[in-house]
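Engineer: Spelled out, the chains give:
Protein chains: 2
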Amino acid sequence: MTSPNNTRELGNELDIKLDAQGLFTVVTVDADTNQVLMVAFMNREALAKTMETGKATYWSRSRNKFWVKGEESGHVQQVREILVDCDQDALVLKVHQQGVACHNGYRSCFYRRVAGSPRTGSSVALEFIAKPEIDPKAVYKH
Amino acid sequence: MTSPNNTRELGNELDIKLDAQGLFTVVTVDADTNQVLMVAFMNREALAKTMETGKATYWSRSRNKFWVKGEESGHVQQVREILVDCDQDALVLKVHQQGVACHNGYRSCFYRRVAGSPRTGSSVALEFIAKPEIDPKAVYKH
Chain L
5 MTSPNNTREL
15 GNELDIKLDA
25 QGLFTVVTVD
35 ADTNQVLMVA
45 FMNREALAKT
55 METGKATYWS
65 RSRNKFWVKG
75 EESGHVQQVR
85 EILVDCDQDA
95 LVLKVHQQGV
105 ACHNGYRSCF
115 YRRVAGSPRT
125 GSSVALEFIA
135 KPEIDPKAVY
145 KH
Chain G
5 MTSPNNTREL
15 GNELDIKLDA
25 QGLFTVVTVD
35 ADTNQVLMVA
45 FMNREALAKT
55 METGKATYWS
65 RSRNKFWVKG
75 EESGHVQQVR
85 EILVDCDQDA
95 LVLKVHQQGV
105 ACHNGYRSCF
115 YRRVAGSPRT
125 GSSVALEFIA
135 KPEIDPKAVY
145 KH
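Chains as they are written, first to last, in this note's numbering: chain L, 5 to 146; chain G, 5 to 146.
This is chain L alone, in the form it adopts within the complex (with noise of 0.2 angstroms):
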């Protein structure tokens, strides 16, 4: 118990280890369901406005700045509780989601199933396994 990383994995104290960007891995879930919502990237400065705000605020590696999931579409994240695993190097956030988590109008990101079997040799199928919930067009005018 005496090592940092057992200080880490078994201690009572936040220590978030980066990657080489300075980021970290986010799994976002439904805090009622546990449905998993999307998957993003947070830095320190992320997670202090998440913990701040009580909306979750991711780090867009796209547009290289603080992301606030709702600002423009409404469809806020109110953070319910927050997980952290054992090398520290992931959260999970437990939210309250306004309307949908997902860019293309459906409440999660993980809308498909992998139906394909590689064994086939060629491409592997997707299956949709959810309707959008709202037509993203409505809601990004931008």
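Some hints here could point you the wrong way.
[Unchecked claim] Label-pair distances were calculated between CB atoms; the ranges are:
| # | chain 1 | residue 1 | chain 2 | residue 2 | range |
| --- | --- | --- | --- | --- | --- |
| 1 | G | Gly103 | L | Thr57 | 34 to 42 angstroms |
| 2 | G | Ile138 | L | Ala142 | 26 to 34 angstroms |
| 3 | G | Gln25 | L | Asn10 | 26 to 34 angstroms |
| 4 | G | Gly103 | L | Asn108 | 31 to 39 angstroms |
| 5 | L | Ala142 | G | Ser66 | 41 to 49 angstroms |
| 6 | L | Phe132 | G | Asn38 | 14 to 22 angstroms |
[What the hints assert, rightly or not] Computed list of chain L residues with no C-beta within reach of chain G, every gap over 12 angstroms:
| # | residue |
| --- | --- |
| 7 | Met55 |
| 8 | Val72 |
| 9 | Gln102 |
Think of the hints as simulated: they come from the structure by calculation, not from any bench. C-beta atoms are modelled at their ideal positions from N, C-alpha and C, and glycine is treated no differently.
For this one, chain L is given, so just place chain G on it according to the hints.
Structural biologist: Frame of chain L, contents of chain G only:
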């Protein structure tokens, strides 16, 4: 619907987006309860092995090799369903977990919640929300 992004996001063919290391994020959840058990990585070959064997097989970044979950401990993950997200850079694996997912003996790697606030200015406290179900020393002999 004709751009490559739209095909990847709204099409019915698996077309995983790899990171610079050839990996993608995998969130493994209990198929019955949706509880997040762990977050790990796969490459294409690990996914092919997972689909062929029905047992979750990851890529270990620390050991730089395939990692058949439970190979040593017996705590294998039988895969029930695989979901993919909108931009296809993350998978959700719905599994039946034999024993426990975490090498520290907890059912889930997410056995602590963030209890403190960054506003205090000092360290952020974690609170244990689960108890180990097995003694890890009894499982990992090596």
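Engineer: Confirm or reject each hint.
Structural biologist: To see whether the hints hold, each was checked on the structure:
Between Gly103/G and Thr57/L, the C-beta spacing of about 39 angstroms keeps the proposed range 34 to 42 angstroms intact. Checked against the given bound of 26 to 34 angstroms, the beta carbons of Ile138/G and Ala142/L, roughly 50 angstroms apart, lie outside it. Taking the beta carbon of each, Gln25/G and Asn10/L are about 27 angstroms apart, inside 26 to 34 angstroms as hinted. Under the hint 31 to 39 angstroms, the C-beta atoms of Gly103/G and Asn108/L, about 37 angstroms apart, fit the expected range.
Taken as a hint, the range 41 to 49 angstroms holds for the pair Ala142/L and Ser66/G, whose Cβ atoms sit roughly 45 angstroms apart. Between Phe132/L and Asn38/G the C-beta distance comes to about 19 angstroms, which sits within the given range of 14 to 22 angstroms. With a minimum CB-CB distance of about 5 angstroms to chain G, Met55/L fails to clear the 12 angstroms threshold, and the non-interface call is violated. Against chain G, the non-interface label of Val72/L holds: every CB pair exceeds 12 angstroms, the least being about 17 angstroms.
Consistency note on Gln102/L: stated as away from chain G, and its beta-carbon is indeed over 12 angstroms from all of that chain's, at 18 angstroms minimum.
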